[in-house]
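Colleague: What follows is the residue order along each chain.
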Amino acid sequence: MQKMDLADSNPLRIFAQDAEGNTVDKRMGLIMSRAGLGKTAILVQIALDSILRGNQVLHVSVGQSLDKTRAWYDDILKGIVADLKTEDSNELRELVLRNRLIMTFDEVTFSRPKLEERFNDLVAQDIFRPTCIIIDGFDFANTDQQTVADVKDMADSMGLQIWFSARCHREDDRLSDEGVPAPCHEVGSLFDTVLVIHADKDQPDLSLDVIKDSTGCVKSGKALELDPATYLVK
Amino acid sequence: MSKDLDMVRNIGISAHIDSGKTTLTERILFYTQKIHAIHEVRGKDGVGATMDSMELEKERGITIASAATHCTWKDHEINIIDTPGHVDFTIEVERALRVLDGAVLILCSVGGVQSQSITVNRQMTRYNVPRIAFINKCDRTGANPARVTEQLREKLGLNAVPAQLPIGLEGDLEGVVDLVTMKAVYFDGDNGENIREEEIPANLQDAADASREELLDAASMFSEELMEAVLEGTPTPEMIRDAIRIGTLALELTPVFIGSAYKNKAVQSLLDAVNDYLPCPTEVENIALDLDKDEAEVKVSNDPADPMVALAFKLEDGRYGQLTYVRTYQGTLKKGDSIFNSRTGKKVKVGRLVRMHSDEMEEIDLCGSGDIVALFGVDCASGDTFNSSDTNYSMSSMHIPAPVISLAINPVDNKAQGNMSKALNRFTKEDPTFKTFVDKETNETIISGMGELHLEVYIERMKREYEAEVEVGAPQVSYRETITQRADFDYVHKKQTGGSGQFGRVAGFIEPLEEGEYEFVDKIVGGSIPREFISACDKGFQASIAKGALAGAPVTGVRLTINDGAFHAVDSSDVAFQLAARGAFKQGYLKAKPMLMEPIMKVSAEGPTEFQGAVMGSLNQRRGMILGTAEEGNYTVIDAEVPLSEMFGYSTVLRSLTQGKAEFTMEFAAYRQVPKSVAEEIIKERQKEKK
Chain A
1128 MQKMDLADSN PLRIFAQDAE GNTVDKRMGL IMSRAGLGKT AILVQIALDS ILRGNQVLHV
1188 SVGQSLDKTR AWYDDILKGI VADLKTEDSN ELRELVLRNR LIMTFDEVTF SRPKLEERFN
1248 DLVAQDIFRP TCIIIDGFDF ANTDQQTVAD VKDMADSMGL QIWFSARCHR EDDRLSDEGV
1308 PAPCHEVGSL FDTVLVIHAD KDQPDLSLDV IKDSTGCVKS GKALELDPAT YLVK
Chain B
67 MSKDLDMVRN IGISAHIDSG KTTLTERILF YTQKIHAIHE VRGKDGVGAT MDSMELEKER
127 GITIASAATH CTWKDHEINI IDTPGHVDFT IEVERALRVL DGAVLILCSV GGVQSQSITV
187 NRQMTRYNVP RIAFINKCDR TGANPARVTE QLREKLGLNA VPAQLPIGLE GDLEGVVDLV
247 TMKAVYFDGD NGENIREEEI PANLQDAADA SREELLDAAS MFSEELMEAV LEGTPTPEMI
307 RDAIRIGTLA LELTPVFIGS AYKNKAVQSL LDAVNDYLPC PTEVENIALD LDKDEAEVKV
367 SNDPADPMVA LAFKLEDGRY GQLTYVRTYQ GTLKKGDSIF NSRTGKKVKV GRLVRMHSDE
427 MEEIDLCGSG DIVALFGVDC ASGDTFNSSD TNYSMSSMHI PAPVISLAIN PVDNKAQGNM
487 SKALNRFTKE DPTFKTFVDK ETNETIISGM GELHLEVYIE RMKREYEAEV EVGAPQVSYR
547 ETITQRADFD YVHKKQTGGS GQFGRVAGFI EPLEEGEYEF VDKIVGGSIP REFISACDKG
607 FQASIAKGAL AGAPVTGVRL TINDGAFHAV DSSDVAFQLA ARGAFKQGYL KAKPMLMEPI
667 MKVSAEGPTE FQGAVMGSLN QRRGMILGTA EEGNYTVIDA EVPLSEMFGY STVLRSLTQG
727 KAEFTMEFAA YRQVPKSVAE EIIKERQKEK K
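From first to last, the protein sequence lines stand for chains A and B. According to this note's numbering, the first sequence is numbered sequentially starting from 1128. According to this note's numbering, the second sequence is numbered sequentially starting from 67.
Check before you lean on any hint, since a few could be wrong.
Subject to a maximum C-alpha distance of 20 angstroms in a straight line, what follows is the list of computed PhoX-like cross-link-like pairs (lysine-lysine) [stated by the list, open to error]:
| id | chain 1 | residue 1 | chain 2 | residue 2 |
| --- | --- | --- | --- | --- |
| 1 | B | 529 | B | 501 |
| 2 | B | 221 | A | 1241 |
| 3 | A | 1195 | B | 668 |
| 4 | B | 659 | B | 742 |
| 5 | B | 412 | B | 400 |
| 6 | B | 750 | B | 652 |
For the record, the hints were derived by calculation from the structure and aren't laboratory data. Being a predicted model, the structure only gives us computed values, none of them experimental.
Could you build the full structure based on these sequences and the hints that come with them?
Modeller: Here it is in structure tokens:
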């Protein structure tokens, strides 16, 4: 199976093109859920989709180790390879290795200026030219609106896709007008796409609900299903 | 020795090179009356410091091997390991830390926290070694202990709190203010041996009050008794010491001491601090693996009555044979005892037991738990565990970094050849990071170790101690060749021009082999190649894969199938079919699109974050692929995959790029295709060499 076939069979492809079939380059995306429902898995699938489409991805992990982040990719990739019965798994792994760069930070060290500095460092020295940045573990609870707005500016000016993850809590039921849960309810308007993973005790599968998408790729309210064992989008 | 383990201290002295730790150790030995005169490291008297026992160390003014020594200070038995300060010798530091209970981190008052201090500090954290800091060289121009204390907090993340204040600095250094007793302490006499306590000079009183408050604030976090006493205004020196001790042992407080070993200032106060704040063997938890119980973890007891467990942490080739430094963790080691090496299962007898004072020694009959002594004539490797017959423990394995650099060495004559193997045998036993092997392809002896200086020192030692003069070659990389597609061959070897002729025809195909290096498949039907010549074909192919046609590198990952051929009743022979197979291989190989492969190393470079961009750039320039970075505080680890051929000399580049503050390790990851442009260069070069 060719890598484009792989990309085309990825359910997350719906976020790659708008209704007219144009590729969406710039985007501020957000995946939210309670702890342990698979935010990182979704982010990694988005990253892999981007890589298969020929892009380079910078994966920023706040508070997680390099090995742990790498293990996420290995697991998800293994699942995809097994699902699609592709034989060229080594080639695929190489492709991912070449086009993915993981940066981990401890919670105290990470900041928006630091991210920009690291990004510019990579590009200026022609080490790596990401078009997609994944930021997993960002602390929205202790972040002001301006910081998120700054990141959005960065995404706009550099033509980047930036995807965040955020953890919501059962006891905090605040919602924005658009339906974005806390702690992101005040910054929800800064995102083009917001997805929330839901677990329903009556359903075996998890669902990935599209809370909003202003890029025209997907209609709000659409839900994708997630395999609870592999966290892969069905 | 004293049976009271509370009075034993096993300490290491670790620091950046040139922070003066050898001088400090020398002074400690003088004040504890182990030596009777003071020699300087690079002394004019030509004697050299006592701890630098190897000739080479004396000449270079650096400490290479960690000599262990024993001394007594105010009824406390102190075993000191003087550890090397260069980044290339970290295994020595690591091994020392493994057997130590506490350490003194020495810093230069001018240079402050340097790269090696960062490395050593991390190593100490890895082994949970409680530490106190000593800011040395306060007599030097530019001395600034306050700045160094700040660096301890910022760069090493330690909760560093001054326990002393200097009285004067640089040339005017007179003594220190002890913030626990609130006294000024002066060190009089030619060698600073007379301690005089006075009231704090008036001009320092305010500073001393402020610093004391800081010390009390920090210490009272670890003692409610002290906290209450501070509130009531009645803290006693004992209460303060107890609280500092608790904080230090918990690795949550680092009391900072100051002085100048060279000018004989405040070394005695540091010795007091070792007794007061560093742990005794029973205060440190050491874990052994019970080999009889599937390596279950067992806490060693420290009880001298229990079965004996001791770790050999250092070997030295002394004048009287192999000297093995051991640390006992429980039980008693007696002269005449039979002990087992848990790795080899061999029983050895303890012939002589000595307590070492650098390269002088004191014969003893027994040593109790928690002690560091040396054994004579015991054959073992560094890191082996000894047990009395009742237990089969292995002390948890030490973290041994993989060697990062290799060099080819060739003895200059026959005499050097013999001596070289003796020396290599010894070095590999002494130092687990030093490895040696004979390269089958080049037939050269390859030595590998932790850095260029590491190998240089061994080459020097070979010359000096073993009279083995060697020529050192440039580092070499082992390339491989493989094919990328299937190709047919059909080759006739024919030599029938008078005399006995040769004839053989071999036909078939060559194809890539996914797993494994070489496979031969015989699909001959109808006897087109007679049975007796099939193995000759295999032999011919095997001879061919030893040297590929591209760069003369071994060919791997090929399957050769023969399915047709021809023979001659008289002229066909074993040799003829071997040559036919060689010709067939050559024919098929070039059509199968061969490619050159090179070893790729997994490189992990770590250092202060400020150099992250520069380090990534340097790896990228070396055809490296950056896999990830991990940033924590001011420290960054960069993971990358880089071709080995690009990594030679990188330690030097990295050091100059980062002011010596970054280091790297690497290990073999895989063989991968050499990019076309690079491969062409290598092939051209190899073909030129052939001519």
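Colleague: List, from low to high, the hint numbers that the structure doesn't satisfy.
Modeller: none
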